[in-house]
Amino acid sequence: MGIVIKNGRIVPDPPPPDVVLEPQDEPSALAARLRTARVVAVRFAAYNDGRGYSIGRMVRERCGYAGELRAVGEVAADHLAALRQCGFDAFELREGEDPQEALAALAVSEALYAAVRAVRARAARAS
Amino acid sequence: MYLYDDIDQRIVDARVREFREQTRRYLAGRLSEDDFRALRLRNGLYLQRHAPMLRIAIPYGMLSTRQLRALADIARRYDRGYGHFTTRQNLQLNWVRLEQVPDILAELAAVQLHAIQTSGNCVRNVTVDHLAGVARDEIVDARVWCEIVRQWATLHPEFGFLPRKFKIAVSGSPADRAATFVHDIGLQARRAPCGETGFRVIVGGGLGRLPIVGQVIRDFVPWRDLLGYLEAILRTYNRFGRRDNPHRARLKVLVRDWGIDRFRDAVEAEWAQLRGGPQTLTEDEVRRVASRFTQPVYEPLADLDFAEEPRPFAAWRRRNVHPHKQPGYAAVTLTLKRPGVAPGDVTADEMTAIADLADRYAQGELRVTHEQNLLFADVRQRDLPELWRALRDLGLATPNAGLLTDVIACPGGDYCALANARSIPIAEAIQRRFADLDELLDVGDLDLNISGCMNACGHHHVGHIGILGVDKNGAEFYQLEIGGDQGGERPAALGKVLGPALAGEEVADAVARLVRTYLALRESEAERFVDVVRRAGPEPFRRSVYGDRDQERAHRPRSAAA
Ligand code: SF4
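In order, the protein sequence lines correspond to chains B and C.
Sequence positions in the first sequence follow this note's numbering and run 1 to 127.
Sequence positions in the second sequence follow this note's numbering and run 128 to 689.
For the record, the hints were derived by calculation from the structure and aren't laboratory data.
Just the calculated beta-carbon pair ranges, DEER-fashion: (1) I266(C) <-> A107(B): 41 to 51 Å; (2) R125(B) <-> E435(C): 50 to 60 Å; (3) I266(C) <-> P15(B): 48 to 58 Å; (4) P99(B) <-> V424(C): 50 to 60 Å; (5) R35(B) <-> R402(C): 22 to 32 Å.
Far from chain B, by Cβ distances over 12 Å, these chain C residues were calculated: (6) V238; (7) E650; (8) S651.
As the structure is a computational prediction, the values presented were derived from the model and not from experiment.
Note that beta-carbon positions come from the ideal geometry of N, C-alpha and C, so glycine has one too.
Chain B on its own, in the form it takes in the complex (with noise of 0.2 Å):
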C-alpha cells in the first residue's frame, strides 16, 4: 500500500478500506454495504482519468456515506483539491509520489478552491 495522507498528515498505519470501488462501477448498486463499510476507496485507474470524481460525489451525496472517502490508484499532487471538493477526505499517493509536495500542492490548489466555493455560496446567497 502506498502512502495515505489525510488531514494534512501522513497516516502511519493505514487500515485496509472495507469497499474498493472501481471507476466502472455504480455506486448505488452497493449502497447496503456502503452503510457499515468505515474506509470506502475509489480507484483511479490512470492520472486523466476523471470517472472517480462522479463516483465520490455519489458515494457522498447520493448513498449518504459519512465515513472516510479514499482516493487511490493513480493519484498525483495535483489532483488532490478538486478531490477534496468532490467529497474524498483520504488519499493513498501513487507511486513516487512525495507526500510533503502533495500537501504543498495541495495548500496552493485549496485557495483556488476557496474561491470556486465562493462563487457557488455567491449564487446561493442571491436567493
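Following the hints, position chain C with the ligand against chain B.
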C-alpha cells in the same frame, strides 16, 4: 460585458498562483512531462512546432477596449506583435515562452481575462451568437446565460478530467447564429406558451474527424434547472464516455453508440436525482449576473436613410453593417480578412487603433465573432460614414462580411504541428482570385471554410464550400466539400466530399468553377450558393471541377444528388 466582483477576481488570481507554482515544479524537474501536459493545457498552453502557443479565452467574444489594449501590450512584449482570433472566440499568441506564461496570465488577470480551460479535457470557453444583446429577433440575451454556465463550469471539480474536450454554445434567438448543432451541447433559448424561459438542449454534435449533427435531447428545460440538467449530461458523459481511444472519446460517439434514446434515459435518470439540488438557479442570481453586465447607453435616435451615399460606402454598409434592435443604431463588422494577412490575425498596433475607434464610436466595447472578425455592437448610424473612413484607413473596411472572401481558416501548416497542409496560402489565393468586388457582391452569401487537417478547427464541414488539407505521400493536397451549413434560418448540415483531392495551385480555380456553376444555376439572387447545392445536388458542381476526369465515379448512381 460582465464585470468581475471580488470573488470572480479571486478565482483568476488564485489560478495564476497555482499555475506559477506548477510551472516552477516542472522547470525544477519535479513534475513529469506528462503530468505537466495535463496541467498546462487546462491553462491554455500548447507546446508545438515553433514555440508554445497560449490560447486566451474571450468569454462569449466580448472585450472592453481596456482589455484589447492589454492584449496588444502583451502581444508586443511577450510575442511578435500580433495575435490570432479563432473560430471559438479565443485569441492565440503563437510565440510565447513557457517561463513567461505565469507573468502573462497575471497581466491578463489584472484586466479580468484568463486562459482557464481553453484547452484540455474539460468544459471549454462557452460561445454565443455575436449579435447577442442587440439582435432584433432575440428571446433572451444569451450572454447572461453564457456567463452563468461559465461560472458553473469554471473549475468544476467533478469535470476536470473528462474523456475529451467539451464545447457548449448558446443561442438566444430563433435563428441559430451560434452553430448549436455542432457542439457537444447546444442550448437554444425558448419561450414556453406560459411565458417561461427555458432551453432546448441539443447534444452530441461536433466537427473534427467524425462530423455529426447534434440531436435534441430535451425540447424544454426550464431556466431554473439549466445547470442541473447540464450536470446530469456531464456526469453521464464523464462516467460512460469512452476513454480507450481519444478519437472515439467525444460525447458525439457515446450518443451515436448508445442512440439518443438510451442516452436520454440515462441523463433523465441522473437529472431526477439532481433536480432541485444546490445548482438550481434563482431569479436573484440571474438578476445579479445580468446586473454585472455593462449596459449600452442609447440616445433617442431615428433610423437613417443613406440614399445619397458614395458607392464604396454603400457596399460596406450593405455587407458589414447589421440591423440593431435600437432605432438609429447599427452593429458593424470589422473584417479581419485581407489579402496577404492570415484570417483572424491582428497586429498589436491594429488592436490599439481598433480600441481607439471603439472608444470613440462603440461605447468602449467590441466583440470577436466565430467567423474570426470583430464587431462593434452599438454604433450610432450617423457615425457610420466617419467610422467607415477610419476603418478604411486601417484596412479593416473590406466590404466582404459573409462573402466568399470572408474565409474562415485555421492556422494550418504554417503554425500548427498537426497540420497536413497549409491553409493560409489557400485562403490568400482565393482572396486574390476574387478581388473584384462587383463579382463578389453578385455571388452573395457564401461561407468558405478551410482546415489544415481533419481536426477541423477551420470548421470546413459546415462551410458552404469546405476545404480540407490532406497528405498524399508527403505532399499537400486539398479535398473540397460542398453543401455544408452552420445553421441559422435553416438547419445545420454537413458538406459532402466533391471528388479526389486537388493540388494547392488548383484550388482557387476549382472554387471559381463552383461559383460559375452556381451563377448559371441559380433562379434568383436570393437563392444562395448552398441553396442551389441543396436543390440541384452536387453533380453539376462536381462536373464543373472534374469534368470527365473520373468517369467511373460519374457513372455510379449518386444518392447524394437526391
Ligand atoms: S485543423 Fe488541423 S491544422 Fe488546422 S489548426 Fe486544427 S489541428 Fe491544426
